[in-house]
Amino acid sequence: MVDNNILSDAVSAQFGSNIISIEESYGMLDFIVEKDMIVALLKWLKEHETFEFNFLTTLCGVHFPEKKNHELSVVYHLYSMTNNIRIRIHVFLPITKPEIQTVTHLYPTANWMERETFEFFGIKFIGHPNLKIILNVEDMDYHPLLKQYALVDNTRTDKDDKYFGR
Amino acid sequence: MINISEDKQNSFNQNEHKVANEDDIKIYNYLNLGPTHPSTHGIFQNVLKLDGEVILEAEQTIGYIHRAFEKLAENRPFYQVTPITDRLNYCSAPINNIGWQMTVEKLIGLKVSKRIDYMRVIIMELARINDHIICNSVIGVDTGALTGFLYLFQFREKIYEIFEQICGARLTTNIGRIGGFERDFSPTVISKIEELLQEFPKALKEFEKLLTRNRIFMDRTIGVGPISAERALEYGFTGPNLRATGVDYDVRVMHPYSSYEDFDFTIPIGTHGDTYDRYCVRQEEMWQSLKIIEQALKNMPEGDYHTEVPEFYLPPKEDVYTTIEGLIWHFKVIYGEIEIPKGQVYHAVEGGNGELGFYLISDGGRQPYRLHFRRPCFIYYQAYPEMIKGSLLSDAIITMSSMNVIAGELDA
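Chains A and B are the protein sequences, given in the same order. The first sequence runs 10 to 175 under the numbering used here. The second sequence runs 11 to 422 under the numbering used here.
Hint data in this document are derived by calculation from the structure and do not stem from the laboratory. Being a predicted model, the structure only gives us computed values, none of them experimental. Idealized CB from N, CA, C, for every residue including glycine. Among the hints, erroneous ones may be present.
As the list claims (entries may be wrong) - Selected chain B positions facing chain A (Cβ under 7 angstroms, derived; list incomplete):
1. F79
2. R86
3. Q90
4. G367
5. I389
As the list claims (entries may be wrong) - Derived DSS-like pairs (lysine-lysine); straight-line CA-CA distance at most 27 angstroms:
6. K44/A with K81/B
7. K76/A with K59/B
8. K106/A with K44/A
9. K327/B with K342/B
10. K399/B with K36/B
11. K168/B with K59/B
12. K141/A with K36/B
13. K156/A with K36/B
14. K77/A with K121/B
15. K44/A with K352/B
16. K133/A with K106/A
17. K81/B with K77/A
18. K81/B with K342/B
19. K77/A with K106/A
20. K156/A with K59/B
21. K156/A with K352/B
22. K202/B with K141/A
23. K202/B with K156/A
24. K55/A with K76/A
25. K141/A with K308/B
26. K156/A with K52/A
27. K156/A with K106/A
28. K133/A with K81/B
29. K399/B with K121/B
30. K215/B with K76/A
31. K116/B with K168/B
32. K44/A with K77/A
33. K106/A with K81/B
34. K121/B with K308/B
35. K301/B with K215/B
36. K133/A with K44/A
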């Protein structure tokens with residue numbers, strides 16, 4: 010039976026210095042890895058004969074404005090149906106060069122998740138078949154989930170408090 | 011009688027000849043299915059490339075009711091996120107509410123009593139029945155059987171009455187609180203649930219008699235919109251749509267939450283992953299849900315209906331008005347001046363149409379630092395063009411209704 014210890018040992022043996030840190034929180038392993046390794050790591054985890062992480066549960070972005078050169082993060086949640094184990098993988102990117110390889114060829118389900126992450130955070134997934142904005146209007150030229158955008162834009166003048174009661 | 015001159019006759023024949031020569035160049039039709047087409051059951055657009063009535067390609071446009079819930083959630087205290095989750099899958103809002111509350115409880119390390127667990131199970135299974143009633147009766151409507159829809163919707167009304175008795179709201183319920191419920195089940199709630207358990211099986215049986223072995227229904231649904239188990243897993247399918255392909259993945263069993271391990275129920279699976287299998291899986295799940303509710307009612311443990319977490323659970327109004335402690339906690343909860351551990355947590359519940367996940371990052375502040383919803387609809391709706399490729403237009407519509415794509419969850 011695969012458990013978190015076996016898994017973390019195997020991953021660090023295989024990828025060594027490319028794994029920046031391994032933590033365990035609330036029973037789930039949390040890897041932080043180099044961004045160049047993400048495709049190799051996911052491919053290895055997916056094709057490993059005992060681990061079989063064949064299910065990408067979810068993929069999302071996070072913005073940490075305080076972390077210099079690590080402002081953006083992409084978070085992958087993987088699930089192994091045969092071992093019933095979940096893991097989380099973090100990748101950090103600088104906001105000046107928010108680029109990472111796509112994983113759509115490994116998990117077709119990543120297609121829309123990566124589009125959503127691109128839309129919300131401006132993270133470009135290199136090699137994505139159709140990297141377009143998905144939920145908002147197509148000509149939106151900013152990425153709304155970045156922390157610098159407040160929920161209510163107080164500088165707007167086209168909204169009159171008389172009508173909208175703010 | 012008009013005499014066609016010889017010249018004209020010649021040119022007519024020539025034209026005919028020309029058309030015959032161009033026969034290999036086909037003319038394709040492009041059809042906008044949606045955004046506001048009544049049979050799409052929600053606001054989403056599909057641009058279909060048609061050869062006659064056969065679908066060659068489909069391109070989806072989504073996001074018509076995008077409300078930026080993930081941004082909204084970053085600007086609200088934890089307890090105010092619950093009403094946002096209502097609006098995800100609004101057919102089974104209580105599952106979303108309770109899923110979120112359990113995520114926060116997991117973050118703060120709160121263990122709730124068995125009674126709360128059982129109350130939650132009852133509410134979540136009622137919501138699941140509610141969700142499946144909509145989906146299955148709508149498949150009936152799209153194949154031309156309106157009777158079942160109207161017949162089962164009476165019971166959906168009864169379930170809404172139960173929710174109304176529990177929390178005061180019907181569709182967007184905002185049911186429960188972090189740490190339990192705002193009040194216990196009243197005797198009316200219990201009697202209404204018992205009434206439902208008495209009457210609903212009869213109606214469900216009649217509904218099955220009407221559709222399950224109906225020649226027309228079977229002809230319309232068997233082999234329509236199929237997907238293989240491998241493709242379904244690659245596309246991230248979960249819930250009844252995945253189980254219809256033959257994969258027995260259910261969050262309630264694989265990662266038991268809210269004491270689901272106490273209950274005896276089975277996971278129905280299909281074989282082909284087509285519309286008929288999806289219908290059958292949902293139908294059987296309703297029976298299983300009824301079984302779970304029955305067990306939960308029978309074995310309901312004694313105990314408190316809420317946990318002592320003054321940081322999250324609003325004190326009773328009498329205490330707020332008469333005691334200083336109550337007043338302080340009331341202010342602290344409302345203003346979100348509470349200490350919450352830093353950390354990140356992923357919690358998933360089995361929603362009406364799949365694994366509904368909450369990925370929460372807390373930086374110790376009054377609101378979530380980041381909250382990501384894993385919305386099953388958003389993830390499996392990607393596979394729709396592949397599932398309808400080569401099928402007829404009318405099949406595409408029942409494929410969509412059998413996938414149970416809920417616009418609120420799709421767009422978030």
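Now for the hints, and whether the structure bears them out:
{"no.": "1", "hint": "F79", "verdict": "11 angstroms, violated"}
{"no.": "2", "hint": "R86", "verdict": "9 angstroms, violated"}
{"no.": "3", "hint": "Q90", "verdict": "13 angstroms, violated"}
{"no.": "4", "hint": "G367", "verdict": "6 angstroms, holds"}
{"no.": "5", "hint": "I389", "verdict": "6 angstroms, holds"}
{"no.": "6", "hint": "K44/A with K81/B", "verdict": "26 angstroms, holds"}
{"no.": "7", "hint": "K76/A with K59/B", "verdict": "47 angstroms, violated"}
{"no.": "8", "hint": "K106/A with K44/A", "verdict": "12 angstroms, holds"}
{"no.": "9", "hint": "K327/B with K342/B", "verdict": "14 angstroms, holds"}
{"no.": "10", "hint": "K399/B with K36/B", "verdict": "18 angstroms, holds"}
{"no.": "11", "hint": "K168/B with K59/B", "verdict": "42 angstroms, violated"}
{"no.": "12", "hint": "K141/A with K36/B", "verdict": "30 angstroms, violated"}
{"no.": "13", "hint": "K156/A with K36/B", "verdict": "51 angstroms, violated"}
{"no.": "14", "hint": "K77/A with K121/B", "verdict": "38 angstroms, violated"}
{"no.": "15", "hint": "K44/A with K352/B", "verdict": "25 angstroms, holds"}
{"no.": "16", "hint": "K133/A with K106/A", "verdict": "9 angstroms, holds"}
{"no.": "17", "hint": "K81/B with K77/A", "verdict": "23 angstroms, holds"}
{"no.": "18", "hint": "K81/B with K342/B", "verdict": "23 angstroms, holds"}
{"no.": "19", "hint": "K77/A with K106/A", "verdict": "12 angstroms, holds"}
{"no.": "20", "hint": "K156/A with K59/B", "verdict": "40 angstroms, violated"}
{"no.": "21", "hint": "K156/A with K352/B", "verdict": "18 angstroms, holds"}
{"no.": "22", "hint": "K202/B with K141/A", "verdict": "49 angstroms, violated"}
{"no.": "23", "hint": "K202/B with K156/A", "verdict": "47 angstroms, violated"}
{"no.": "24", "hint": "K55/A with K76/A", "verdict": "30 angstroms, violated"}
{"no.": "25", "hint": "K141/A with K308/B", "verdict": "52 angstroms, violated"}
{"no.": "26", "hint": "K156/A with K52/A", "verdict": "32 angstroms, violated"}
{"no.": "27", "hint": "K156/A with K106/A", "verdict": "17 angstroms, holds"}
{"no.": "28", "hint": "K133/A with K81/B", "verdict": "20 angstroms, holds"}
{"no.": "29", "hint": "K399/B with K121/B", "verdict": "48 angstroms, violated"}
{"no.": "30", "hint": "K215/B with K76/A", "verdict": "59 angstroms, violated"}
{"no.": "31", "hint": "K116/B with K168/B", "verdict": "32 angstroms, violated"}
{"no.": "32", "hint": "K44/A with K77/A", "verdict": "16 angstroms, holds"}
{"no.": "33", "hint": "K106/A with K81/B", "verdict": "23 angstroms, holds"}
{"no.": "34", "hint": "K121/B with K308/B", "verdict": "23 angstroms, holds"}
{"no.": "35", "hint": "K301/B with K215/B", "verdict": "15 angstroms, holds"}
{"no.": "36", "hint": "K133/A with K44/A", "verdict": "13 angstroms, holds"}
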